[in-house]
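Asker: Chains as they are written, first to last, in our numbering: chain A, 1 to 342; chain B, 1 to 366.
Keep in mind that the hints were calculated from the coordinates and are not lab data.
Beta carbons are placed, not taken as given, at the ideal position from N, Cα and C, and that holds for glycine.
Watch out, some of these pointers could steer you wrong.
In silico contact screen, one side only, chain A against chain B (beta carbon under 8 Å); selected entries [as the list claims (entries may be wrong)]: (1) 295; (2) 298; (3) 301.
The calculated EDC-like cross-link candidates involving lysine to aspartate or glutamate, where the alpha carbons are at most 16 Å apart (straight line), are [unchecked claim]: (4) A:283 x A:307; (5) B:201 x B:242; (6) A:177 x A:42; (7) A:215 x A:275; (8) B:303 x A:300; (9) B:57 x B:32; (10) A:341 x A:275; (11) B:71 x B:126; (12) A:266 x B:32; (13) B:283 x B:96; (14) A:216 x B:96; (15) A:341 x B:342.
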Amino acid sequence: MKKARGYCRFRACFAILYGMDFQEISIEEIDSENETFRISEEIRSAPMEMSIRRIGQLNPLLLLGGKRPYRVVCGFRRLDAMRRLGLSRVSARIVEEENRDLCDVFCLALRDNISHRQLDALEKARALHKLRNEFGVPDEAILRDWQPLMGLAPHGQVLQSHLMLHASDQGLRNHFKAGRLTLSSLECIAAMPPASQKFIAAFFEGVRLSAGLQKKFFVVLQDLAAISASGPENPLEDPEALAIANDAAASPFQRGEKIFAFLYCKRYPALTRAEERFRERSKSLGLPGSIRITPAPYFETNDLKVEFSASDAGRFREMARRLFEASQTPELDSLFGVIQKL
Amino acid sequence: MIPYAPERILVQEESWQDSVTLEILERLPGVEVRTVKSREVRFPEPSQGSPAPWEDKNTLFLLRHPGSFLKRCQGSGADTCCNYYVLSCTWNCHLDCSYCVLQSYLGGRALVVGTNFQDLMREVREKLGSSPHRIFRIGTGELADSLALDPATGFSRRLVPFFARLSNGFLELKTKSDCVANLEGLDHGGHTVVSWSVNSKRICRTEEEKAPTLEERLAAALQCQKWGYRLGFHFDPLIYYDGWEDDYREAVGEIFRSINPERVAWLSLGALRFPPHLIGHVKKRFPESKIPYGEFVPGHHGKMRYFRPIREAMYRKMISWIREAAPGLTVYLCMESFAVWEGSFRIQYPGPSFTPDRLDAAIIKG
Ligand code: SF4
Numbered sequence: 001m002k003k004a005r006g007y008c009r010f011r012a013c014f015a016i017l018y019g020m021d022f023q024e025i026s027i028e029e030i031d032s033e034n035e036t037f038r039i040s041e042e043i044r045s046a047p048m049e050m051s052i053r054r055i056g057q058l059n060p061l062l063l064l065g066g067k068r069p070y071r072v073v074c075g076f077r078r079l080d081a082m083r084r085l086g087l088s089r090v091s092a093r094i095v096e097e098e099n100r101d102l103c104d105v106f107c108l109a110l111r112d113n114i115s116h117r118q119l120d121a122l123e124k125a126r127a128l129h130k131l132r133n134e135f136g137v138p139d140e141a142i143l144r145d146w147q148p149l150m151g152l153a154p155h156g157q158v159l160q161s162h163l164m165l166h167a168s169d170q171g172l173r174n175h176f177k178a179g180r181l182t183l184s185s186l187e188c189i190a191a192m193p194p195a196s197q198k199f200i201a202a203f204f205e206g207v208r209l210s211a212g213l214q215k216k217f218f219v220v221l222q223d224l225a226a227i228s229a230s231g232p233e234n235p236l237e238d239p240e241a242l243a244i245a246n247d248a249a250a251s252p253f254q255r256g257e258k259i260f261a262f263l264y265c266k267r268y269p270a271l272t273r274a275e276e277r278f279r280e281r282s283k284s285l286g287l288p289g290s291i292r293i294t295p296a297p298y299f300e301t302n303d304l305k306v307e308f309s310a311s312d313a314g315r316f317r318e319m320a321r322r323l324f325e326a327s328q329t330p331e332l333d334s335l336f337g338v339i340q341k342l
Numbered sequence: 001m002i003p004y005a006p007e008r009i010l011v012q013e014e015s016w017q018d019s020v021t022l023e024i025l026e027r028l029p030g031v032e033v034r035t036v037k038s039r040e041v042r043f044p045e046p047s048q049g050s051p052a053p054w055e056d057k058n059t060l061f062l063l064r065h066p067g068s069f070l071k072r073c074q075g076s077g078a079d080t081c082c083n084y085y086v087l088s089c090t091w092n093c094h095l096d097c098s099y100c101v102l103q104s105y106l107g108g109r110a111l112v113v114g115t116n117f118q119d120l121m122r123e124v125r126e127k128l129g130s131s132p133h134r135i136f137r138i139g140t141g142e143l144a145d146s147l148a149l150d151p152a153t154g155f156s157r158r159l160v161p162f163f164a165r166l167s168n169g170f171l172e173l174k175t176k177s178d179c180v181a182n183l184e185g186l187d188h189g190g191h192t193v194v195s196w197s198v199n200s201k202r203i204c205r206t207e208e209e210k211a212p213t214l215e216e217r218l219a220a221a222l223q224c225q226k227w228g229y230r231l232g233f234h235f236d237p238l239i240y241y242d243g244w245e246d247d248y249r250e251a252v253g254e255i256f257r258s259i260n261p262e263r264v265a266w267l268s269l270g271a272l273r274f275p276p277h278l279i280g281h282v283k284k285r286f287p288e289s290k291i292p293y294g295e296f297v298p299g300h301h302g303k304m305r306y307f308r309p310i311r312e313a314m315y316r317k318m319i320s321w322i323r324e325a326a327p328g329l330t331v332y333l334c335m336e337s338f339a340v341w342e343g344s345f346r347i348q349y350p351g352p353s354f355t356p357d358r359l360d361a362a363i364i365k366g
């Protein structure tokens with residue numbers, strides 16, 4: 001029975017390689033612009049360049065013959081390194097194009113990549129996009145054969161989210177590659193309309209968020225957008241948010257934290273107002289910083305928690321005295337008033 | 001209301017011996033029926049793995065429930081707990097309210113009916129017999145709507161007369177449906193309260209799309225009142241949105257324009273609460289719903305609920321409108337703290353047994 005297109009045909013791959021000889025060819029005969037079989041996200045590789053400079057080309061390129069110039073099947077990074085080193089001849093094996101299913105050739109390139117390195121999320125996304133949209137491999141074969149090979153769960157949703165990643169804005173992809181956005185943030189933004197992606201990519205040029213804060217940030221951002229029935233970039237277009245993003249006196253991380261606080265305040269207005277009022281009133285008690293007064297979590301009850309530590313009886317007496325003094329003031333009633341009449 | 005019409009019925013092999021099974025099959029003629037071996041039966045608990053693809057909501061699963069039917073309400077432990085028991089004989093619901101907690105753990109799974117009714121009745125009798133001086137208020141609407149499947153199961157025709165003979169047991173059938181036909185002519189002995197989960201018309205329309213409208217629910221309630229049943233109403237979940245005041249006030253007015261408050265045993269208020277992971281399901285399944293964007297904070301049992309001042313403001317206003325329309329009605333809050341109770345009723349909470357005592361008194365009044 002004929003296997004579905006794209007089924008990882010070991011025999012087909014083997015047949016391509018079988019009987020191929022090494023050849024030495026001129027680097028000028030290779031079309032390095034053609035990216036039909038490219039999987040690597042980053043072509044420029046300093047370690048590769050250093051290795052070739054020191055010990056020369058260890059592995060031949062795999063090229064697709066037939067028409068000239070040759071197209072690269074495997075070895076984009078090697079070729080780039082050799083071009084930059086000014087080498088004029090390279091060792092290669094040539095796959096003849098005639099009677100050849102290009103899908104098999106791509107599968108070979110993909111297997112070659114998977115076999116010797118870990119693909120990053122964008123490379124997996126590129127590979128899945130090519131299998132599906134350029135080489136017509138059915139989803140079923142991708143889920144069953146290719147996703148597990150790439151270390152991905154064989155679920156349609158995983159395929160969809162990778163296809164979105166592949167189509168995401170280049171600026172966002174750059175942020176991801178530079179470690180400024182986590183994969184889950186990128187996945188989240190990749191599902192947004194292109195204009196929103198572009199805006200957020202530009203916004204993050206000067207703003208950084210820790211990985212932990214990114215998750216909360218995008219939930220709050222999307223909630224605010226849903227509340228106002230607008231695009232996800234809308235809350236960030238607020239003049240106050242833009243002013244924070246452009247605050248030259250703050251570091252990118254400080255800007256990130258301030259913008260998050262600004263958005264959080266908009267998302268949870270009653271809670272942040274109550275917290276603010278509580279902070280003001282507890283300050284007005286005039287207690288030293290070593291006595292901490294906190295409300296119940298989210299003001300769910302009327303309780304207040306008072307904490308202090310004292311290392312000797314003298315300090316203990318001092319704290320107790322300050323608390324006693326505070327207990328005689330109307331500010332204490334007003335503090336409880338804040339909680340009781342939130 | 002769109003009546004439940006399964007595409008297939010799965011029957012656990014032992015369930016063929018139960019009269020409930022035969023009755024249900026008689027009421028649903030022409031539906032494909034398959035027998036399932038007992039070892040293939042997965043009871044619909046989250047821990048039991050994914051269901052087979054055909055075990056979706058178009059499937060009605062008749063099986064012998066292996067565990068306990070009667071449990072304390074999950075709200076037990078809240079300050080103002082009402083000491084309620086829940087009796088589960090059906091699981092899951094086809095009405096698909098956007099906020100329904102069932103979607104997060106029963107999801108699109110089959111609707112399940114327990115056929116071992118004799119076991120259920122024995123368990124209830126034993127429990128009630130073990131504390132003969134205590135009143136048990138028991139509801140069936142926790143893991144399913146009490147009456148939405150009743151046209152197929154006919155459970156009300158078994159449960160109502162059964163409870164009529166229990167001196168210390170009172171049944172509450174809690175529903176959003178208008179499936180009350182089976183209740184006509186039953187000997188309920190004042191031991192059954194039929195209650196409706198009600199909401200503003202806007203919420204009924206947008207978040208409870210497949211359930212009957214408020215008018216239809218009230219028409220069904222009026223019918224039950226005429227048949228001599230006591231009624232209950234639950235504004236649960238109360239949902240906060242721009243314009244909620246006008247809408248909820250109108251709903252309160254509408255209830256008491258047709259229903260005699262003297263025949264209402266109780267009315268509860270419960271602001272929306274849900275386990276945190278429900279939000280993701282709602283956003284995905286009901287992208288138009290505005291529910292996920294409320295100002296929720298984690299509360300009792302880790303459930304998310306509106307920030308306390310929002311809840312208290314809603315309760316206070318609701319209580320004042322209810323007092324206007326039905327003075328003297330027993331109103332209580334579901335799963336709330338003393339602080340919220342006091343902030344809402346504006347009096348000190350009299351003591352832990354206050355709510356259960358009031359509800360017991362309300363039901364005994366007959
Ligand atoms: S009627 Fe009740 S059980 Fe059914 S979907 Fe709505 S909330 Fe859930």
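Asker: Any of the earlier hints contradicted here, and which numbers?
Answerer: 1, 7, 12, 14
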